[in-house]
Amino acid sequence: LKSVEEIKAAIEAAVPGAGVKVISNPAPIAQHSLLIDAQHAVAVAEFLRDDEDLALDYLSNVTGVDYLDKEISEKVKVTRQVPKEVDGVQQIVDETVEETRKHVEPGYLEAVYHLFSVAKKHGPVIVRFRSANRSDQVELPSLTPVWRSAEFQEREVFDLFGIVFTGHPDLRRILMWDEFKDYPMRRDYVEPDDFEYEPTPHDDVLKRAQEHKAKVAAGEVSQ
Amino acid sequence: VSASSIKTEKLAGWNRPPVIESDGEGELLEVAMGPHHPSTHGVFRMDVVLDGERVIKLKPVFGYLHRNHEQLGERQSYLASMPYTDRLDYFCSLTNNWAYALAVEKLVGQAVPERAEYLRVILAELTRIQNHASTIGFLLQEMGASGTPLMYAFREREKILDLFESLTGSRMMCNYMRFGGCRVDASPAWIEATRKVVSGLPSFVDEFENFLMTNEILMARCQGIGVLKPDLAVNAGISGPMLRATGVNYDIRKVDHYGIYDRFKFRVPLGDHGDIYDRYMVRMLEMRESISILNQALKDVPAGPVMDPKAKIRNFRPKAGESYGRIEAPKGELGFYLISDGSPNPYRYRVRPPSLINLTVLEDICLGSNVADVVLIFGSVDIVLGEVDR
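Chains as they are written, first to last, in the working numbering: chain A, 1 to 223; chain B, 1 to 390.
Since the hints were made in silico from the structure, they are not lab data. Even glycine gets a Cβ: it sits at the ideal position worked out from N, Cα and C. Check the hints yourself; a few may be wrong.
Said to hold, decoys possible - The calculated label-pair distances, taken between Cβ atoms and stated as ranges, are:
(1) A/Glu98 <-> B/Ala320: 47 to 55 Å
(2) B/Gly224 <-> A/Trp177: 34 to 42 Å
(3) B/Arg171 <-> A/Phe180: 53 to 61 Å
(4) B/Gly342 <-> A/Trp177: 29 to 37 Å
(5) B/Gly144 <-> A/Trp177: 18 to 26 Å
(6) B/Arg263 <-> A/Pro28: 52 to 60 Å
(7) A/Pro201 <-> B/Glu27: 44 to 52 Å
(8) B/Glu114 <-> A/Pro192: 35 to 43 Å
(9) B/Asp162 <-> A/Trp177: 39 to 47 Å
(10) B/Ala80 <-> A/Thr200: 27 to 35 Å
(11) B/Arg317 <-> A/Asp50: 25 to 33 Å
(12) B/Asn315 <-> A/Trp177: 34 to 42 Å
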């Protein structure tokens, strides 16, 4: 099997503008992966499957990973002009203060594909795609048209992570029931307050049941 | 079930199941097979559209046993997930343990002592034999051979489960492997008992085969039914005996050489037609190959520790990174994908379930056949719902 750098070069030659990045893996197994621009996903996938040297005809594993928004705080030195009383006279003086600035690096959802070759008996080649954010731009192209094994696995990723695979032939929930809201595998998932309480609540359950009843009485939750 | 709950958007280019037209006479009947149908091996539903006896549409429905195993894995330490892996495919807990241990060992670069490798191979092959024997037993049960073949299979399975119990303390929930070896050592008496059980296995397989292989009913109901083509099998990620029954030579024991499988001589049985009979036959032959591996492994189990003395057990925090480890489980490729962020819990814990992915082509291989054959085709896929739904 070619190294990730060679595969990257091959993809860039075949699909211009695919924006391939190598994500190195510091673990001893060193299974490095390729981060590819989501726009070119299907073209790259078809290349990986049909290329004679790679022949990655077997898509083994599809999964999602959720990365939360990251709040990054850094300390910056700022010089400001402050009015100050010096020797009994009001003056404007330069003052340097250290200030903490915070900005949010948007999180993203990631789809990871593990590819092997049955014909050449090599692998894995790991390919990842990232969504723009984790709220309103969660579409990624479906690779089910290229590898059928993605059919149920992408449905599962949609079900549990909420990545919407455009071009998937039958994108429905697979493990959770159809009426279920929210995506349970997201890192910020909160369990809904609607489970059935024990018939004879006690201790912690009693406390939660009372809180729940109060919420229902206040009309905050329906049941 | 309302008809609107079944929808398939047509999409050009994808490897979709064939569209079967009704012959136009009479009405179509929509049947929900399951979730409590005895042939579904658990709680699983197939929404089947029938034209007379012929299946013209089939949509599997999952999730009745879903408990979000992956989230459980992410909320607790690496080691604490080990007993949970027993509950994935509860017929083959030892291979589940091995796959998970292998993925974590790859993540931290952990070596496994020689004796533990031998024990792992012995236990995995015993697991394979009891799984295949029971699968064939269940298949025959569904064919109408009530009881007898299944009892023959379970008689043998019980002997193997006794071995598991005396070594690990549990028949099915073994929780035996650890990162860097195995939990307890096998006594010489256990090795001797295993040799004795293994020496009895060939006559069991012979007996089983004599009863079944040329049985007219079995041949009539299995040959040419549920045919899967090799190119679709590869494209749909089918693995294990179901893939090899189509004639594709892909056995992860041979491809990845994980553990110490490169030291043993064994053949990979392949099918020709990809029908139910080939799947049954491949399992039968795989049992023989497993017995051959067991005989080679049991000949000289080396002395030594079963746990790497350098293995870190307390405060186990892998450095940031990720790994994908896979093994040839009795049902197919069982993989674990782990991402570590340096904390005691995995950041991402993913199980690649062979049972679920092997069902991808269920509709393709059922279409056009009789509704009674659906039960057999489904049985020949060999699934366990604990692993499908996780």
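Against the structure, the hints come out as follows:
no. : hint                              : verdict
1   : A/Glu98 <-> B/Ala320: 47 to 55 Å  : 30 Å, violated
2   : B/Gly224 <-> A/Trp177: 34 to 42 Å : 38 Å, holds
3   : B/Arg171 <-> A/Phe180: 53 to 61 Å : 35 Å, violated
4   : B/Gly342 <-> A/Trp177: 29 to 37 Å : 36 Å, holds
5   : B/Gly144 <-> A/Trp177: 18 to 26 Å : 35 Å, violated
6   : B/Arg263 <-> A/Pro28: 52 to 60 Å  : 23 Å, violated
7   : A/Pro201 <-> B/Glu27: 44 to 52 Å  : 50 Å, holds
8   : B/Glu114 <-> A/Pro192: 35 to 43 Å : 51 Å, violated
9   : B/Asp162 <-> A/Trp177: 39 to 47 Å : 41 Å, holds
10  : B/Ala80 <-> A/Thr200: 27 to 35 Å  : 30 Å, holds
11  : B/Arg317 <-> A/Asp50: 25 to 33 Å  : 42 Å, violated
12  : B/Asn315 <-> A/Trp177: 34 to 42 Å : 40 Å, holds
Checked against the numbered hints above, the structure breaks hints 1, 3, 5, 6, 8, 11 and satisfies the rest.
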